[in-house]
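Going line by line, the protein sequences match chains A and B.
Take 1 as the starting number for the first sequence in the numbering used here and just add one per residue.
Take 143 as the starting number for the second sequence in the numbering used here and just add one per residue.
Do not rely on the hints blindly, as some may be mistaken.
[Stated by the list, open to error] Covered stretches of chain B, as calculated for chain A (at least 3 residues, CB under 8 Å):
| no. | segment |
| --- | --- |
| 1 | 154-164 |
| 2 | 172-185 |
| 3 | 203-213 |
| 4 | 230-237 |
| 5 | 245-251 |
| 6 | 259-267 |
| 7 | 278-285 |
Hints in this document: simulated from the structure, not taken from any laboratory.
Cβ atoms here follow ideal geometry from the backbone N, Cα and C, with glycine treated the same way.
Listed below, chain by chain, are the residues.
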Amino acid sequence: MFRGILFAFLGGACITLQGVANSRISHDIGTWQAATITQLTGFIMALLIYLLVRDGDLGGFRKVKPLYLAGGAFGSVIIFSEVTAIQTIGVTFTISALLIAQLLVTFLIDRFGWFGTSKSKMGAAQFIGLALMIGGVLIMKL
Amino acid sequence: MALGLLLAVFAGVMVALQTIFNNRTDVHMGSWATTTWVLFMGFVASLACSLIFEGSRTFNLQQMQPWYWFSGLIGVGVVICLVLGIKILGPTFSVSITLTAQLGFALLFDTMGWLGLEKVAFDWKQLLGVTVIVAGIFIFKFGGKKGAKAKTVAANQ
Chain A
1 MFRGILFAFL GGACITLQGV ANSRISHDIG TWQAATITQL TGFIMALLIY LLVRDGDLGG
61 FRKVKPLYLA GGAFGSVIIF SEVTAIQTIG VTFTISALLI AQLLVTFLID RFGWFGTSKS
121 KMGAAQFIGL ALMIGGVLIM KL
Chain B
143 MALGLLLAVF AGVMVALQTI FNNRTDVHMG SWATTTWVLF MGFVASLACS LIFEGSRTFN
203 LQQMQPWYWF SGLIGVGVVI CLVLGIKILG PTFSVSITLT AQLGFALLFD TMGWLGLEKV
263 AFDWKQLLGV TVIVAGIFIF KFGGKKGAKA KTVAANQ
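Please model the complete structure; the sequences and the hints are all you need to start from.
Below, the structure written as structure tokens:
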């Protein structure tokens with residue numbers, strides 16, 4: 001249980017660190033270049049781990065819809081947008097807005113069962129949660 | 143300001159889509175093969191954009207500091223942590239903690255101005271705002287019917 005909390009917490013810390021590190025690198029070599037290099041080194045590392053642990057099957061891509069396989073390419077515009085946002089409005093505001101948009105879109109996709117997700121109903125709690133999140137962003141900008 | 147906000151929202155929308163697409167890929171390939179694939183696609187797309195928008199400046203890397211070459215490892219750390227967190231705690235609790243940590247560290251980075259960020263003076267409004275957002279996240283995730291099941295493989299966020 002404690003280990004789980006630690007992993008989840010460190011994961012979140014690393015996500016933010018990644019955005020900040022990308023901003024730092026972009027400042028020195030350019031944003032597209034930074035996106036290229038971090039994903040190249042990440043790819044090499046992930047490939048090594050995959051070859052080492054051999055769980056799953058890289059060849060399984062034949063069974064995946066091309067649209068889903070192309071999702072990885074979004075990484076380029078995600079990094080570019082996040083870095084530019086951090087450089088203009090700061091880390092806290094960027095991460096807040098990003099997370100709310102992310103949760104809302106994930107929720108809508110689930111709600112309507114798009115992309116083969118199982119439909120889930122929207123409860124009052126989700127509306128209240130979203131309202132609070134948006135309220136939180138407004139408080140920051142008061 | 144408005145442009146920054148718009149870009150952050152756009153990034154969030156793309157992360158949501160990518161997470162779902164990655165989950166679809168995960169089913170057939172497993173998490174490490176998926177992560178490898180996703181980062182490769184991201185690398186190719188970024189290189190293409192760099193060549194289109196920056197031309198030969200793409201390879202102008204004199205300003206590189208040694209640690210920049212290792213920054214990609216952070217993304218690999220993210221995948222390991224998220225996969226293990228979800229395995230131990232289940233997605234709802236694990237993702238709520240991850241989102242909270244993301245926001246907490248964002249505030250910390252702004253306040254401390256680490257990694258050459260422009261220091262943003264600590265402001266109680268920021269802390270209050272983050273606290274309210276975290277409360278919203280927990281209500282959203284735990285409230286009533288099982289809502290969004292955001293899952294692993296968020297390699298690029």
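Going down the list of hints, with the structure as the test:
1. 154-164: With 11 residues close enough to chain A, the hint holds.
2. 172-185: This one holds; 14 residues, not fewer than the three required, reach chain A with a Cβ under 8 Å.
3. 203-213: holds (count 8)
4. 230-237: Since 5 is at least three, the answer is holds.
5. 245-251: Since three or more residues must qualify, the claim that chain A covers the segment 245-251 of chain B holds, with 6 doing so at under 8 Å.
6. 259-267: holds (count 4)
7. 278-285: holds (count 8)
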